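One letter stands for each residue in the lines below.
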Amino acid sequence: MEWDFLLVQALSGLASASSLFIIASGLTIVFGVTRIVNFAHGSFYMLGAYMAVTIVPWLLELDRSPTMFFVGVLASAVAVGLLGVAMELLLLRRIYRVPELFQLLATFGVVLIVQDVVSMIWGPVEIPGPRAPGLRHAVYIFDQRFPAYELFLIAVGPAVLALLWLLMHRTRFGVLIRAATQDREMVGALGVNQAMLFTGTLFLGAALAGLGGALQIPRVSASSHMDLSIIVEAFVVTVIGGMGSVPGAFLAAMLIGQLQAFGVLVFPKITLVLAFLLMAVVLVVKPWGLLGRPEAASGRAVLPEGILDPHPLGRAGRLLAAAAVVAVLALPLFDAYTVKVGTEVLILALAAFSLNFLVGNGGIVSFGHAAYFGLGAYGAGLLVVKAGLPMEPALIAAPIAGGAAAALFGFFVVRLSGIYLAMLTLAFAQIAYAIVFQWVEVTGGDNGLVGVWPSSWAASREAYHYLTAVLTLGAIIFLRRVIHAPFGATLRAARDSAARADAVGIDVRTHRWLGFTLAGAAAGLAGGLYAFSKGSIDPTLLGIPMSVDFLSMILLGGIQSVMGPVAGAAAFHAVKDFFMPLTDYWRLLLGLSIIAMVLVFPRGLAGAFVSRRRGAS
Amino acid sequence: MTRFTLSRRALGGAALVALARPGVAQGAPIRIGELNSYARMAAFAVPYRNAMQLAQDQVNAAGGVMGGRHIEFVFRDDGSTPGDAVRVAEELLTRENVAFLAGTYLSNVGLAVSDFANQRKRLFLATEPLTDAITMAQGNRYTFRVRPGTYMQTRMLVESLRGKTAKRWAIVAPNYDYGQSAAANFKRLLPEAIPGAEIVAEQFPALGRVDAGATVGALSQARPDGIFNVLFGPDLTAFVREGNTRGLFERRTVASLLTGEPEYMIPLGEETPEGWIVTGYPVEQIEAPPAHKAFIEAYRGRFNDMPRLGSLLGYVTVQIVANMLNQARSAETEAMVDALADLRTDTVVGPVTMRGLDHQSTLGAWVGETTLRGRAGAMKNPRFADGADYMFSEAEVRAARRSA
Amino acid sequence: MTLLAAEGLTKRFGGVVAANGVSFALEPGEMLAMIGPNGAGKSTTFNMVGGQLRPDAGRVTLAGQDVTNTPPRALCRLGVGRSFQVAQTFLSFTVVGNVQMALIAHQRQTRQMLSDAAALHRDAALALLDRVGMAAQADRPIGELAYGDVKRVELAIALAGAPRLLLMDEPTAGMAPSERAALMALVAGIARRERIGVLFTEHDMDSVFAHADRILVLVRGEIIARGSPEDVRADPEVQRVYLGQSGTKAAARARRTHG
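Residue numbers (full-length UniProt numbering), protein chains in the order written: chain A, 1 to 617; chain B, 1 to 404; chain C, 1 to 259.
Since the hints were derived computationally from the structure, they do not count as laboratory data. Here the structure is a predicted model, which is why all the values come from computation and not from measurement. There could be a bad hint or two in this list.
The calculated DSS-like cross-link candidates involving lysine-lysine, where the alpha carbons are at most 30 Å apart (straight line), are [said to hold, decoys possible]:
(1) B:Lys187 <-> A:Lys386
(2) B:Lys380 <-> B:Lys187
(3) A:Lys269 <-> B:Lys187
(4) A:Lys269 <-> B:Lys167
(5) B:Lys167 <-> B:Lys187
(6) A:Lys576 <-> B:Lys121
(7) B:Lys380 <-> B:Lys167
(8) A:Lys386 <-> B:Lys121
(9) B:Lys121 <-> A:Lys269
Construct the entire structure; sequences and hints are all you get.
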């Protein structure tokens, strides 16, 4: 390969890196100050692009000059920044006191809403933006042509980094941002107007995302799928760099840009997973990212977010549980479709319950739980389709597959904590997804495999419903028992204080690892049951949206409650199933429902149930 | 099973059960469950649904089917995942009592619904999924496909490369089933059209996430004479812009799948490259048959927009459905399946036959060259490639479907 | 027989020597206090003994067994209990639940999946709480207790492991003066009665001089004085250090004198 080609390829990598950094810097600043994992950051990026393809052509009509182009880009960024302020004022401000994970759920609701609002306003067809006047051409670098606009982008990244540095070190606002990133409680204690600081931070973060989107319009058209493709990449950059570290994000973006630019030469199909492999390696070696710092241990004792002291079911709880079981068993008396939905709710309830076994009971927040659900489905499905085995052994294989994968990934995962742990679970889930997606000969690739049907005795909807009910309720009762047993208590103890657990002789890592494996096995069983209820398996079962659905279910149900996830799964699935046939804009309604539930039941449905009862008694 | 059926009846479900066997209730509309990615793939699916509604109303206005019964499409979003789609399919069959299923856009969704239909022994008319598997290795008795699949489209395109001199070819395709199988088909078919041709580079960017700079750089480094492109949508726009600026397409033959479809051509706008050989739908240039003109007029009159490829597909689908019901004289699954095999329908783009061998329709596509007219892209010298000439050979079908 | 012996413990952080050749011994039933100004290396030494920090040089033996670099959970099994500067308890548990959890860990029952954790070792846990005067609060959530009471529960948690040695990092930090004396008296009583050795660091000189059998004085990572409370009180070096003179000079002089 000629070196001038390598140079140009490196420049391409730098241009992508620059754009990625601008977006990721906003995400990392928002996280640093507010500790919110802002899923809506990708939506701000998308809105930036849509604003720009609207504003910039209009300005160029007035005067076709580079100035007008950049005025338009900046105006788009500011407009998106104001939308960030709106989200802070209308939504986030109301929920700063609820567990941090709820804010994540609320921002996920915003993602759904923005997706549909964008297609309502701008239509479903992608909108190409104008090229930048004065930067339309290519420049010759030796005898390779390279777009002038990309040279410009290469310069923008460091310029933004420099401006952010000045902001952080030369202004009071910036100093507060840095102080809050390092020690949030200190800033609160110093009497800083936290609300103003957060509003300002959201403005800055959203504006940076908007700027990133607006700067893209000469290269890519604005489309309604931009949000999810960028958000994951921005998370990866932020985590590799170290959450809250702007220079770290810059370094990570450069690394990923080059990795992509040269990666496609060597492994043209690997782009799907390269960034996640890098993230997994970085986190295994440096648990807080390249330039991140361990989260300062809280000076005061804070009650953990999750299951506190699990009590045996009270009278009302027993009645409710009995009613739920009767309802499950009586479902086949209603129409066939209700049975189908009921079967699915049972399966999702088990998956959600197993996730909350980690999140609520163990303080291990997994963003990649669908991996074990999906691998369970594949474990079962492959045995049926490829090995020709019947359903029964396949359903035994499902939890084994899910558990084995969880044991493998969990070995590394339990070494980390907090948001980094969550991101490592996400990286492993994406790696598993990429393997399933890419290994076409065995897994059927993205088409998946069909023909995963139950044995004849369980073929009818009703029989399969009862089979599912027995297995899922059995597994849920077992996991509930484990939560009350010494093993579950040990996981809670390790969550409450790893130092204390260590000092009383508990091997924290090993117990968390076993817990992770157990939850993976339960999710795998759910995945196997899901495969047979659908007749097919495909990579979406392992995808990020599936993991996010599971998280939404446990948060809606209430992570501090043992049985909450079951209610959450039922509510989430019912709401989705109710809205989907009504309108094309069901995502909007689902998003609004999620936000409404977060605002009305900030401790989840089960939390609301418990406090009502407490209030009544 | 019997017990449950009885209990449903005891609950007053008798009427529903009767409805589930259409033909009994004379005069009631025949309901068809249409599930598609209306939310996520709205650019394609909404014009598709528009045309279906148009065609449905025209069929009903003209007296309906089977001697006076109306047809009624029940539209549902398929959630764009196989899991959601199978649930929606179940809802359509059990709650909406549709006579059969139609639709789906994504290949994995199409395959999942196809296998579900096979399991339930209900007819499924897969309108849009492009994967060859749905009519070949995973084909089944109850699934039929309307749109020309990946193999047919690739073959139409490669056919047009006959006589070209480009020997060194590079492939760029999105990294999923459609991209991978288009690339595989191209590799297989290319030597027949251009003896001695070889593949010198392959790029498979992730769908919706093309890193255009790096991809264009990698392709030009291979110094190909020709480029086979399978990218579409936002990936295509980004790729074309980057390639134009860097001169990737200069003095090179470019063959590009689907790029001539209005869905993908319109966003290219003034960036539309000159002289790419593409498959597509040059909607305004189609002269024959006259029915097509009438279709355009009716569509424009009702929706104030030009039809897209999705619209054509939706309209043709309804024409085939109406014809099938008239031939079957029943909305019983087995009768419809039997009627559909080798059914010939006169559509707005000419006769289309649903080949009984592999359940693939002979609907064709147009092949032409891209050109810029004013500030919009267009197809130059379009020629209609009749799908019948580009289907899998009978021997291949038999081999593939036997193993299924 | 010597219960705990540290020999030449040394730890550097970058260029800073946090502990330099620290050696001492502790007998069963003895209360040994480690004092010194901030940054003197008390916590570093403490954490090397407790297994949280890996020493650069030196070794720790427990009843003759080399336990250098043994992690805390393993030290616990060898009979070492701990309390922390900021009390570490299982916040989501009740008071008695905390002690039960420690007993479950001690009995190696943490992997049981079917028994009921709330019913295990309840009587033993209540007995331990009774020893620290907390039995009456047993069923309250531990988060509701006053800090002094939390420290008592922490002591009960440490005792649940049937320790031979207690490591207590500033046991009275953050407590009201009246609570301090009571807690130290409780610890000293238990230690003497049950022949448990106690190594503790402390800022509160009243507690130290009232309850320690012997005292180690650390300055700049080195022991500058050691002995009975009376000896240490009379030591001119110690007086100089606490009067605010440069710790380095004091340490240097100490090395000349003692070394």
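- Can you list which hints this structure breaks, lowest number first? 9
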